[in-house]
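Turn these sequences into a full structure, and let the hints steer you where they fit.
Residue numbers (UniProt numbering), protein chains in the order written: chain A, 1 to 387; chain B, 1 to 387.
Note that these hints are calculated values from the structure, not bench results.
Mixed in with the good hints, there may be bad ones.
Since the list can't tell identical chains apart, any single copy or any two copies may satisfy a pair.
[What the hints assert, rightly or not] With a Cα cut of at most 27 Å, we get these calculated DSS-like pairs of lysine-lysine:
#, residue 1, residue 2
1, Lys152, Lys203
2, Lys117, Lys49
3, Lys351, Lys257
4, Lys387, Lys317
5, Lys351, Lys49
6, Lys387, Lys203
7, Lys102, Lys340
8, Lys340, Lys49
9, Lys337, Lys49
10, Lys257, Lys117
11, Lys340, Lys153
12, Lys351, Lys340
13, Lys340, Lys381
Here the structure is a predicted model, which means the values were calculated and not measured.
Protein chains: 2
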Amino acid sequence: MSSITREEPNYFGAGPAYLPTEVLQQAAQDLVNYHGANLGIGEISHRDKRAINVVDETKQKFIELYNIPDTHEVLFLQGGGHTGFSSIATNLLANFAKRTGKKGKGAYAVTGSWSAKAVEEAQRLGVDVEVLTNSKEVFGSYTDIQPFSEWKKPNPEETAYVYYCDNETVHGVEFPFIPQFDGIEVAADMSSNILSKQIDISKFGLIFAGAQKNVGLAGVTIYIIKKTLIEQLPEAELRELGIPVTPIAFHYPTAIKQNSLHNTLPIFTVQILNLVLAKLIKDGSLPEQEKRNDRKSSQLYQILDKHADFYNLPVAKGVRSEMNIVFTMKSPELEAKFLKEAEQANLTGLKGHRSVGGLRASLYNAITEKSATLLAEFVDKFATENK
Amino acid sequence: MSSITREEPNYFGAGPAYLPTEVLQQAAQDLVNYHGANLGIGEISHRDKRAINVVDETKQKFIELYNIPDTHEVLFLQGGGHTGFSSIATNLLANFAKRTGKKGKGAYAVTGSWSAKAVEEAQRLGVDVEVLTNSKEVFGSYTDIQPFSEWKKPNPEETAYVYYCDNETVHGVEFPFIPQFDGIEVAADMSSNILSKQIDISKFGLIFAGAQKNVGLAGVTIYIIKKTLIEQLPEAELRELGIPVTPIAFHYPTAIKQNSLHNTLPIFTVQILNLVLAKLIKDGSLPEQEKRNDRKSSQLYQILDKHADFYNLPVAKGVRSEMNIVFTMKSPELEAKFLKEAEQANLTGLKGHRSVGGLRASLYNAITEKSATLLAEFVDKFATENK
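Pasting the structure below:
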């Protein structure tokens with residue numbers, strides 16, 4: 001491990017986000033001199049055995065951590081949320097067309113700005129979109145999730161997939177349930193809560209996540225996909241049906257066939273994922289991580305609730321995110337004072353998203369309980385002093 | 001700069017490729033603790049001023065190095081060659097449609113496996129492709145380039161762009177001229193020779209290059225694009241004309257409007273680019289780099305030519321690549337012996353591409369003259385000893 005040091009930051013940015021210092025120190029070593037090769041892992045061909053090992057090891061750790069059954073594949077692509085939006089729509093329509101001979105619809109739950117963006121991108125590409133629930137229309141804002149029983153029910157004969165965002169990073173809304181449909185597979189965006197808790201993979205047709213919040217640096221996206229969703233009609237037939245052809249770099253069947261190495265994968269970025277996952281396994285895997293995340297967010301929410309006359313929590317209790325805790329105060333001046341004093345106390349990255357304002361504390365996997373406690377104490381003290 | 005060390009490798013891999021040790025040492029530092037912030041540059045939001053500075057600085061260095069005129073924009077996207085193939089086709093068709101109201105063709109020069117792949121991808125997506133020259137058909141293999149006067153001439157009324165690959169990494173063929181057409185802009189893949197020499201940017205409608213050969217790690221692609229090629233028809237009209245809509249993450253007008261930050265750019269990977277370019281400027285910019293590259297490749301070609309009875313150079317003299325020097329020997333056994341002894345002499349990454357076999361020495365910008373000379377001496381000695 002390298003000797004590059006830093007004082008532990010208490011950094012609560014929403015992403016790209018804090019990573020464990022020991023992971024970055026090891027990554028720094030691997031960047032310059034990987035396993036004594038006098039070459040960095042990023043300078044080696046992606047066809048080299050050492051690079052392939054990095055991909056295989058990382059994949060295997062996902063399988064281990066999530067207990068991924070044989071029914072599903074794990075793959076890595078470049079891109080992030082936006083390439084997920086487009087690639088899920090076009091790949092899953094192409095699969096539905098293979099199964100039914102038809103151009104299906106994409107059905108969406110809109111519960112925050114990220115799922116809204118997914119809809120926007122699907123429509124740009126020419127996908128027929130059906131919206132099953134839209135929190136903004138139901139509640140006036142993205143602060144709650146409509147009970148599942150009240151959602152519009154999609155027709156399995158016409159619907160290629162249902163899409164939802166499991167954790168809305170900007171609005172701080174997290175699903176407390178997994179929407180399930182007879183005869184339609186569900187695709188979930190877990191960019192900001194991947195590996196934050198145990199889940200039953202068999203309930204998902206597809207899960208995707210950009211690495212840069214919970215598990216690594218920007219530039220790699222993880223896909224977990226059910227094997228029945230892989231096969232597709234040939235491109236010429238897709239075009240005839242009016243289904244947009246997926247660019248080859250995001251074509252799931254090709255990526256799976258080539259072990260995520262059809263085109264050049266950024267192997268150094270995958271290696272950071274590999275190191276993050278190794279640490280997660282060493283530290284007790286998902287059962288322990290889930291408990292740590294519960295403790296971190298409960299502590300902060302409790303303090304915020306204790307000062308309900310001072311802090312405003314816009315998100316309904318039942319759908320509060322464990323990852324992104326959004327709160328506001330009665331004036332922008334007070335919020336500015338909070339940010340300034342927090343920074344003086346070495347607590348940073350707390351400004352809310354430009355579209356919603358206020359404050360946001362992201363308590364991703366890598367945020368230590370010590371950092372979370374320092375923040376909770378500061379939140380408590382600031383309320384007491386400024387009421 | 002970090003204290004992570006390595007012995008200088010003499011690594012001639014074709015990409016991802018060797019980077020200067022001092023660049024990687026600085027990058028290692030920036031990965032863990034950027035400018036004393038106790039945070040790595042990859043952990044900071046891409047909306048943070050520090051991240052935006054990295055993008056702006058890197059862009060500015062490209063402008064300085066290539067003397068890029070005001071008529072052109074520089075942008076960075078994720079992806080690599082394959083996303084270049086798709087995004088160039090769909091973006092430039094959408095621009096042609098804006099200018100003419102028509103679905104234009106893409107005209108291609110096929111001079112090696114990379115330009116052949118570009119054609120393949122365009123056809124997958126439903127682009128009407130016209131091939132202007134195909135070396136394999138003319139010469140039986142990708143070992144020469146047809147004189148420009150003999151190329152098919154595209155019709156500017158129907159042609160959105162002409163595409164060619166300036167340096168074919170696999171086959172070791174580099175263009176000694178820039179193809180130019182009245183009324184049609186040229187798009188060039190310079191993935192493996194970007195910034196290797198001075199060029200006149202005004203002759204290009206578009207240049208693109210994956211970073212991982214000459215200027216950085218995999219995961220970022222550089223685009224230099226003429227402003228007249230940016231504007232596009234709205235998506236609904238494109239779909240009516242049968243033009244594939246570009247996924248938003250690769251939509252040039254959006255990327256330019258958002259300073260390459262519409263979606264999350266891998267800032268750490270851009271920072272490596274920034275460091276590579278800073279070193280290039282410090283070391284005399286392109287005039288000096290061009291001379292170094294000339295000396296490195298001339299020296300090796302001279303030795304290979306001296307032993308023309310022992311080494312076979314498949315590529316015609318006039319189109320030999322300065323970056324990727326391809327040669328074979330009379331038997332696979334002898335080539336294996338060469339590779340083994342080269343490795344013993346600490347000269348690695350010399351195996352030819354799996355599709356063509358033989359040997360390949362990639363003498364990218366970062367390869368020092370010292371490394372190139374050690375290789376040339378070994379090549380000389382091996383011939384003398386094994387004739």
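These are the hints, each one checked on the structure:
1. Proximity of Lys152 and Lys203 under a CA criterion of 27 Å is satisfied intra-copy only: 20 Å inside one chain copy versus 55 Å between copies.
2. Taking the shortest alpha-carbon separations for Lys117 and Lys49, only the inter-copy value of 24 Å comes in at or below 27 Å, while the best intra-copy value is 38 Å.
3. With identical chains, the CA atoms of Lys351 and Lys257 are at most 27 Å apart between copies only, with a shortest distance of 24 Å across copies and 43 Å within one.
4. In the homo-oligomer, the alpha carbons of Lys387 and Lys317 lie at most 27 Å apart inside one protomer (23 Å), although the nearest pairing across protomers, at 81 Å, exceeds that limit.
5. In the homo-oligomer, the alpha carbons of Lys351 and Lys49 lie at most 27 Å apart only across protomers (14 Å), although the nearest pairing inside one protomer, at 43 Å, exceeds that limit.
6. In this assembly of identical chains, Lys387 and Lys203 lie within 27 Å of each other by CA distance neither inside one copy nor across copies; the values are 46 Å within and 65 Å between.
7. For a Cα distance limit of 27 Å, the shortest separation of Lys102 from Lys340 qualifies neither inside one copy, at 56 Å, nor across copies, at 56 Å.
8. Taking identical chains as interchangeable, the C-alpha atoms of Lys340 and Lys49 lie at most 27 Å apart only when they sit on different chains, with a minimum of 17 Å there against 49 Å within one chain.
9. Proximity of Lys337 and Lys49 under a CA criterion of 27 Å is satisfied inter-copy only: 21 Å between copies versus 53 Å inside one chain copy.
10. Proximity of Lys257 and Lys117 under a CA criterion of 27 Å is satisfied inter-copy only: 18 Å between copies versus 29 Å inside one chain copy.
11. For the homomeric pair Lys340 and Lys153, neither the shortest alpha-carbon distance inside one copy (47 Å) nor that between copies (64 Å) is at most 27 Å.
12. With identical chains, the CA atoms of Lys351 and Lys340 are at most 27 Å apart within one copy only, with a shortest distance of 10 Å there and 57 Å across copies.
13. Taking CA atoms no more than 27 Å apart as the test, Lys340 paired with Lys381 passes inside one copy only; the shortest distance there is 14 Å, against 67 Å between copies.
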